[in-house]
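Enquirer: Given only the sequences and the hints, what does the whole structure look like? Please build it.
For reference, the chains in residue letters:
Protein chains: 2
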Amino acid sequence: MAERAIPVLEIFGPTVQGEGMVIGRKTMFVRTAGCDYRCSWCDSAFTWDGSAKDDVRLLAASDIVKELKAIGGDSFAHVTLSGGNPALLPQLGELIDRLHAEGVEVALETQGSRWQPWFERIDELTLSPKPPSSGMETDWEALDGIVGRLKEADRRFSLKVVAFDDLDLEYAARVHARYPGVAFYAQAGNGNLGETDSARLLPYLLERYEWLIDKVMKRADLNRVHVLPQLHTWVWGNKKGV
Amino acid sequence: MAERAIPVLEIFGPTVQGEGMVIGRKTMFVRTAGCDYRCSWCDSAFTWDGSAKDDVRLLAASDIVKELKAIGGDSFAHVTLSGGNPALLPQLGELIDRLHAEGVEVALETQGSRWQPWFERIDELTLSPKPPSSGMETDWEALDGIVGRLKEADRRFSLKVVAFDDLDLEYAARVHARYPGVAFYAQAGNGNLGETDSARLLPYLLERYEWLIDKVMKRADLNRVHVLPQLHTWVWGNKKGV
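If you read the sequences in order, they're chains P and C. Following the UniProt record's numbering, the numbering of the first sequence begins with 1 at its first residue and continues without gaps. Following the UniProt record's numbering, the numbering of the second sequence begins with 1 at its first residue and continues without gaps.
Hints were generated in silico from the structure; no laboratory data involved. Wrong hints could be hidden among the right ones.
Because identical chains share one entry, a pair is satisfied inside a single copy or across any pair of copies.
Said to hold, decoys possible - Simulated crosslink set (BS3-like; lysine-lysine; CA at most 27 Å straight-line):
| # | residue 1 | residue 2 |
| --- | --- | --- |
| 1 | Lys66 | Lys239 |
| 2 | Lys240 | Lys69 |
| 3 | Lys240 | Lys215 |
| 4 | Lys69 | Lys215 |
| 5 | Lys69 | Lys218 |
| 6 | Lys218 | Lys240 |
| 7 | Lys240 | Lys151 |
| 8 | Lys66 | Lys218 |
| 9 | Lys66 | Lys240 |
| 10 | Lys66 | Lys215 |
| 11 | Lys218 | Lys239 |
Expert: As structure tokens, this is what we get:
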């Protein structure tokens with residue numbers, strides 16, 4: 001069977017992972033096009049709102065590996081699959097296997113609305129169900145199923161919830177309580193995507209991170225958690241491709 | 001046998017871990033007094049330079065647990081042992097066991113110059129050998145022994161090297177190459193401990209972090225690493241006890 005092409009919007013790196021369980025990791029990014037969600041504050045809305053539809057390239061897994069090497073040279077050993085929602089693409093299994101064959105580890109970011117069998121081959125998997133402020137509804141049955149399968153497969157995975165307000169934090173606590181044994185990351189949301197001056201963005205991001213720390217520190221139901229900023233926005237602001 | 005007292009300088013929290021493998025983790029801190037090192041840029045020099053010798057309290061493990069509860073209430077499930085060098089204190093085993101008995105996880109930060117049998121009961125252990133800019137000499141034989149024992153004991157541990165300059169980065173690469181299977185964190189050093197205005201400190205810390213990212217991204221011998229700032233200094237500057 002011929003390889004099924006993968007819709008790709010960005011390939012870049014090496015850079016530093018800014019989020020969750022992989023924060024700080026030296027990595028390359030492959031950003032796929034298409035999403036089943038429409039989060040109100042999505043920082044990659046160009047993957048689904050049509051604004052970048054002319055930039056979508058349909059690439060074979062082998063071509064993606066070639067392009068990663070062309071850009072990253074020999075200076076990478078880790079690739080992050082992000083979107084959009086890469087979990088819409090059954091054909092990503094081929095890419096993961098090719099990367100593993102080269103000794104490269106693979107991380108995935110997805111909201112946990114869809115399962116793919118290749119989840120069981122991901123080295124570091126982040127499930128980030130979306131809180132009320134996103135405007136999305138969580139499919140708890142789908143999420144239960146994914147968490148259950150990942151546990152069974154004994155994969156290194158975590159939950160991450162972005163929080164913009166108190167309602168979001170309640171949602172985070174609910175997710176954490178539902179999956180108590182799973183590593184949990186609370187992340188301060190960036191509600192200021194229009195700010196192009198990163199020096200002006202930083203005090204706002206700091207304030208939001210302190211807000212979240214303060215809230216989490218006081219709650220006994222959020223003791224076994226990590227609280228993190230979106231580190232790359234502190235360094236590079238709202239710039240794309242870094 | 002009566003409990004041997006533990007020399008303590010600070011007990012505080014809950015707060016957020018700012019470094020390495022535990023970055024973002026909600027934790028309490030217990031800072032012990034005394035160190036076998038005298039790093040030129042130590043951010044906790046009061047633990048060994050005599051300036052806080054009147055603040056050292058000799059506490060039983062049970063009293064430390066009591067104080068943690070008095071300060072943190074029921075809002076913690078994680079304690080970080082830091083110093084100074086806690087590895088100088090054989091009596092910390094008692095504290096670790098008491099915390100575990102309460103369902104509390106324990107992390108340790110140490111330079112890796114001394115072994116203690118209780119290392120095998122630490123949940124998240126960070127070994128941070130010191131680079132040339134510290135003015136210290138690494139005892140490679142001691143470090144080899146500690147890494148070997150932790151591997152044998154199948155403990156969750158990592159190496160962390162703080163880097164201030166190119167020589168430090170060479171040292172980091174040497175440490176990483178010596179222990180290739182061990183999770184490795186490179187951290188940008190804070191050479192501006194005298195700055196009391198955190199708004200003025202932040203641009204400097206950002207610049208140092210970007211410097212380190214830039215260097216690490218280019219090196220093929222530093223592909224499987226994490227690059228992190230000292231997150232708490234971005235939020236709280238050089239303040240103590242947060």
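Enquirer: Now look at each hint and say whether the structure bears it out.
Expert: Status of each hint after checking the structure:
1. Within a single copy, Lys66 and Lys239 get their C-alpha atoms as close as 25 Å, which meets the 27 Å cut-off; across copies the closest is 48 Å, which misses it.
2. Only within a single protomer do Lys240 and Lys69 lie at most 27 Å apart by alpha-carbon distance; the minimum there is 20 Å, versus 45 Å between protomers.
3. Only between protomers do Lys240 and Lys215 lie at most 27 Å apart by alpha-carbon distance; the minimum there is 21 Å, versus 30 Å within a single protomer.
4. Only between protomers do Lys69 and Lys215 lie at most 27 Å apart by alpha-carbon distance; the minimum there is 19 Å, versus 43 Å within a single protomer.
5. In this homomeric assembly, Lys69 and Lys218 come within 27 Å of each other (Cα to Cα) only across copies, at 14 Å, whereas the closest approach inside a single copy is 46 Å.
6. When the C-alpha separation of Lys218 and Lys240 is checked against a cutoff of 27 Å, the pair qualifies only between copies, where the shortest distance is 20 Å, while the shortest distance within a copy is 35 Å.
7. Taking identical chains as interchangeable, the C-alpha atoms of Lys240 and Lys151 are never at most 27 Å apart, the minima being 34 Å within one chain and 40 Å between chains.
8. For the identical chains of this complex, Lys66 and Lys218 are inter-copy neighbours only, at 19 Å across copies versus 49 Å inside a copy, given an alpha-carbon limit of 27 Å.
9. Taking the shortest Cα distances, Lys66 and Lys240 sit within 27 Å of each other inside one copy (22 Å), while across copies they are farther apart (49 Å).
10. For the identical chains of this complex, Lys66 and Lys215 are inter-copy neighbours only, at 24 Å across copies versus 45 Å inside a copy, given an alpha-carbon limit of 27 Å.
11. Taking the shortest alpha-carbon separations for Lys218 and Lys239, only the inter-copy value of 21 Å comes in at or below 27 Å, while the best intra-copy value is 34 Å.
In the structure shown, a violation is registered for the earlier hint numbered 7 alone.
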